[in-house]
Amino acid sequence: MSSTPARTAAPNETRLLPSRAIPLPELPAATETLAASAAELLGWRGVVLPPMTLLGRRVVVVAELLPDAHAERLCLGSEPVADRTTVATWVWPEMEGRVPPPAVRLVGVLAVARHWRTGLASSVPFARFGNAATVLPSSVAMTHDYLANCLPRARRYGLSVVTAQPDAEVTLDLAGRHDGIPVEDTAVTRWINEVVYEQVLATASA
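Sequential numbering of the sequence shown, starting at 1, is according to full-length UniProt numbering.
Fair warning: there could be bad hints in the mix.
Said to hold, decoys possible - Cβ-Cβ distance ranges computed for the label pairs, FRET-style:
hint : residue 1 : residue 2 : range
1    : P50       : P101      : 19 to 27 Å
2    : E26       : V99       : 39 to 47 Å
3    : R45       : D145      : 28 to 36 Å
4    : D145      : M95       : 44 to 52 Å
5    : L151      : W92       : 22 to 30 Å
6    : T89       : R155      : 32 to 40 Å
7    : V99       : P152      : 38 to 46 Å
8    : P152      : C75       : 48 to 56 Å
Since the hints were derived computationally from the structure, they do not count as laboratory data.
Keep in mind it's a predicted model, so treat the numbers as computed, not measured.
Just so it is clear, CB atoms sit at the ideal spot from N, CA and C, and this is done for glycine as well.
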């Protein structure tokens, strides 16, 4: 039984670098700055919260405080409840009329990333709840991969795509879905609402 000798590269043979060795473009400004500029560009009115982790994704949420519901919760002493197990019981039929009302509205969710795959992976899960967008360095938009793969996927999920220029100016590359999306009241949506409500109050008092 013969064995095949291992192939060795000649000294002058060209070697391809793995894709992970190619450095990703840097973001031209801080995540918070780019997210705030993108929210303004998209016309999202509300509080731009600091980056947070939701559903395992690092995102920036834009939310609007609902004055009437917030006032009701203040009167009842009902503070935000971030415990997911507790909030999961709020959608049980026997809990109807016994749980606090949602006190914020999610205006949109932004994912600021250096690569479009990371941006889409972070923002797509939130497209079913409302507006979602990703912010990318403008240099990414110059690639065939972006045109052939990123934009069609973003369009399919209704995402907006915003690109950030080297001077941190943002431009809209793809307009996402802006129609009203009926969001089902589930344990997940109620929990997200409570986490965001907690962050809105923390930001207001900071």
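Each hint tested on the structure:
1. P50 / P101: 19 to 27 Å: Because 25 Å falls inside the window, the suggested range holds.
2. E26 / V99: 39 to 47 Å: holds (45 Å)
3. R45 / D145: 28 to 36 Å: Between R45 and D145, where Cβ atoms are some 34 Å apart, the hint holds.
4. D145 / M95: 44 to 52 Å: Holds, at about 48 Å.
5. L151 / W92: 22 to 30 Å: Roughly 42 Å apart at Cβ, these two residues miss the hinted range, so it is violated.
6. T89 / R155: 32 to 40 Å: holds (38 Å)
7. V99 / P152: 38 to 46 Å: Distance hint for V99, P152 holds at roughly 41 Å.
8. P152 / C75: 48 to 56 Å: Given a distance of about 49 Å, which is inside 48 to 56 Å, the answer is holds.
When the structure is compared with the earlier hints, a violation turns up for hint 5 alone.
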